[in-house]
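Asker: Listed below are the residues making up each chain.
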Amino acid sequence: MKPAPFEYHAPTSLEEALGLMNQHADEAKLLAGGQSLVPAMNFRVVQPSMLIDLNRVQGLSHICADGNVLRIGAMARERQLEFDTLIETRTPLLHEAVPFIAHPQIRNRGTIGGSIVNADPAAELPMLMFALDARLKAQSVSGERWIDAQDFFAGMFTTALVPNEILVEIELPFMPPRTGWSFMEVAPRTGDYALMGVAALVTLDENGKCTRAKLVYLNAGDGPVDAKEAAQSLTGEQVNDARIQSAAAMASEKEISPFGNVHTSPEFQRHLAKVLTIRALKQATQRVGEMQ
Amino acid sequence: MTVSITVTVNEQEYTREVEPRLLLSDFLRHELGLTGTHVGCEHGVCGACTILFDGESMRSCLIFAVQADGHSIATVEGLAKDKDNLSPLQQSFWETHGLQCGYCTPGILMTLIPFLKQNPNPSEDEIRHALSGNLCRCTGYQHIVDAVKLAAEKMMDVNSG
Chain A
36 MKPAPFEYHA PTSLEEALGL MNQHADEAKL LAGGQSLVPA MNFRVVQPSM LIDLNRVQGL
96 SHICADGNVL RIGAMARERQ LEFDTLIETR TPLLHEAVPF IAHPQIRNRG TIGGSIVNAD
156 PAAELPMLMF ALDARLKAQS VSGERWIDAQ DFFAGMFTTA LVPNEILVEI ELPFMPPRTG
216 WSFMEVAPRT GDYALMGVAA LVTLDENGKC TRAKLVYLNA GDGPVDAKEA AQSLTGEQVN
276 DARIQSAAAM ASEKEISPFG NVHTSPEFQR HLAKVLTIRA LKQATQRVGE MQ
Chain B
777 MTVSITVTVN EQEYTREVEP RLLLSDFLRH ELGLTGTHVG CEHGVCGACT ILFDGESMRS
837 CLIFAVQADG HSIATVEGLA KDKDNLSPLQ QSFWETHGLQ CGYCTPGILM TLIPFLKQNP
897 NPSEDEIRHA LSGNLCRCTG YQHIVDAVKL AAEKMMDVNS G
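So the protein sequences, as listed, match chains A and B.
Per my numbering, the first sequence starts with residue 36, numbered consecutively.
Per my numbering, the second sequence starts with residue 777, numbered consecutively.
Just chain A, with the same shape it has in the complex (with noise of 0.2 Å):
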């Protein structure tokens, strides 16, 4: 057999699953969709004693609206993000990205909250997290907490969360009226890693002035990488061409750290990471008014 023994615990209820997690946060690990974890199991480069298998616990696949904001269960499927109509009037680029992630036999498995959890600085939706002020509800046997995204994401494959916590809930505020987006990805093949990826969010007021714009990164740093400078070099700003030119330029030179890997050198990524910026950052600025 491919993983290592271990035991298997299948809750049907959050209560029974953070009582379990409370008792063997030591040893244990969660099993969500197991697109990342069944993996790293198979070539024994995880080898958990423990799984607690998070897939018949009950009230965790929601996606609803409440006021301003989405709220998404952790355990919805990425092929449930995909075709919400929700998700695709109230954040666009959220609809806009699920389709890169992997291939649909992965989509119909891999989870929202397995994903953000796993932390992959290549994954698309931790970056989408930052890059949509999401902010995350963590719960454990003593009470609940709500981490943003700005803080969850501590390093490679690590998080803010501590050992007896789960995630249980993503918050996503809709995206702001006039507010245009676009997501691009280059990868090696449809559904593998991307090389570099960038997700960019534009707000114009009525005269065409950038009131707040969002520049968030794949694949190029420990975590997900937010181009604050850059972005903040719009604001205020008509996001004309040479504004673009210059903010891609800040972006890709100073702001993201990408490592390289054997597809790509870090030059390579920094010259991906300019040419999707210019791009993205044209799309986004003429989509402004075509959300919803």
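FYI, nobody ran anything at the bench for these hints, they're computed from the structure.
On a predicted model such as this, the values are computed, not experimentally measured, just so you know.
Ideal placement from N, C-alpha and C gives every residue a C-beta, glycine not left out.
Hints are not guaranteed to be accurate.
Said to hold, decoys possible - Partial list, computed: chain A residues near chain B (C-beta under 10 Å):
hint, residue
1, Ala39
2, Lys64
3, Gly68
4, Gln70
5, Gly94
6, Pro139
7, Thr225
Got chain A; can you put chain B on it based on the hints?
Answerer: Frame of chain A; chain B shown alone:
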């Protein structure tokens, strides 16, 4: 430690004792003898082990058999009534030379069954995207794409006739 599970595979119910670490792909092949589900990479990249889990295509090498307890699985063995009565999708692969060594074919068929249900008249681009999670080392995909187009036509004819 083993766990007793009951799984419906191709509309037939099976009850077995399994170790929790047994992968669904190995369960199908070694416990049930359904060797039509192939294993290639065993870490979710190649798509050879694609099956339907409650009607949706998934990698059976990335699911534990215990997780299928109480669920419904469909494998390539369930597609044709017998060797002379292939499903329209299989018949199209036959007619357009959509396979060579055949190793990737079961996974590709199981990927395409729900795809064609959701998208009965796909464009070539959509077909290629749908196939992106299945590696084929022989064909270069052209004849597979032809097979999907032909299957879509056949299935439309059946549905409209």
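Asker: Determine for every hint whether it applies to the structure shown.
Answerer: Against the structure, the hints come out as follows:
1. Ala39: The hint holds - alanine 39/A has a Cβ within 10 Å of chain B, the shortest such distance being about 7 Å.
2. Lys64: Result: violated, 13 Å to nearest chain B Cβ.
3. Gly68: For glycine 68/A, the interface hint holds, since the closest Cβ of chain B sits about 8 Å away, which is under 10 Å.
4. Gln70: holds, 6 Å
5. Gly94: violated, 18 Å
6. Pro139: Since chain B brings a Cβ to about 6 Å from proline 139/A, closer than 10 Å, the hint holds.
7. Thr225: Interface hint status for threonine 225/A: holds (4 Å vs cutoff 10 Å).
The earlier numbered hints that this structure contradicts are 2 and 5.
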